[in-house]
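Novice: Turn these sequences into a full structure, and let the hints guide you.
In terms of my numbering, the sequence shown opens at residue -11 and continues consecutively.
Everything labelled a hint here was simulated from the structure, so no lab data went into it.
The C-beta atom is built at its ideal place from N, Cα and C for all residues, glycine as well.
Careful, some of the hints might be misleading.
Said to hold, decoys possible - Here are the simulated lysine-lysine pairs, DSSO-like style, with alpha carbons at most 30 Å apart:
| no. | residue 1 | residue 2 |
| --- | --- | --- |
| 1 | K(-6) | K76 |
| 2 | K26 | K5 |
| 3 | K76 | K39 |
| 4 | K62 | K5 |
What the hints assert, rightly or not - Computed spacing ranges between beta-carbons, pair by pair:
| no. | residue 1 | residue 2 | range |
| --- | --- | --- | --- |
| 5 | A83 | I110 | 36 to 44 Å |
| 6 | G(-3) | A97 | 30 to 38 Å |
| 7 | E31 | L109 | 56 to 64 Å |
| 8 | I91 | K5 | 38 to 46 Å |
| 9 | A85 | I114 | 36 to 44 Å |
| 10 | V95 | K(-7) | 28 to 36 Å |
| 11 | V98 | G24 | 52 to 60 Å |
| 12 | S96 | G24 | 47 to 55 Å |
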Amino acid sequence: MDGVKKGTGLEAAVFGKDSLSATTITDFTGKTRPIGIKETNKEVLETVLGKGEKKTALVSLLNGQYFASYHPLKDVDGSVVGMIFTGKPAYSVLATAGRSIEITFLVSAVLIIFSIVPTYLISKYIAQQLK
-11 MDGVKKGTGL EAAVFGKDSL SATTITDFTG KTRPIGIKET NKEVLETVLG KGEKKTALVS
49 LLNGQYFASY HPLKDVDGSV VGMIFTGKPA YSVLATAGRS IEITFLVSAV LIIFSIVPTY
109 LISKYIAQQL K
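Specialist: Below is the structure:
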């Protein structure tokens, strides 16, 4: 599991049915990985374990909220025996989105300022030609 986190930067977990079996997520101390807790999100359980389909959602898991994707884990007969979770902490995603908005605003402001100068010069030239 740690290799997945190291390679992708995403948290990962494996569930046997609805019970957490392995994870990269730690508790609030950062030392313990709470194994054996149950997934309680009914939409996730219905979609992934019930229908055998993937589910992407904002979920609460262990120590926080995550933008997560769950995929069914199937045995050789095609029966769903668990699910695989990958996710990114919501605060991390929202912080990145906030930085993108700030950069977009700054670039837009600079472009507006640079477009004002030529507009002023062109309008001044046209006004002189009309005199």
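Novice: All hints, please: hold or fail.
Specialist: Here's how the hints hold up against the structure:
no.	hint	verdict
1	K(-6) x K76	holds, 13 Å
2	K26 x K5	holds, 9 Å
3	K76 x K39	holds, 24 Å
4	K62 x K5	holds, 10 Å
5	A83 x I110: 36 to 44 Å	holds, 41 Å
6	G(-3) x A97: 30 to 38 Å	holds, 31 Å
7	E31 x L109: 56 to 64 Å	holds, 58 Å
8	I91 x K5: 38 to 46 Å	holds, 44 Å
9	A85 x I114: 36 to 44 Å	holds, 42 Å
10	V95 x K(-7): 28 to 36 Å	holds, 33 Å
11	V98 x G24: 52 to 60 Å	holds, 54 Å
12	S96 x G24: 47 to 55 Å	holds, 50 Å
Hint compliance for this structure: no hint is broken.
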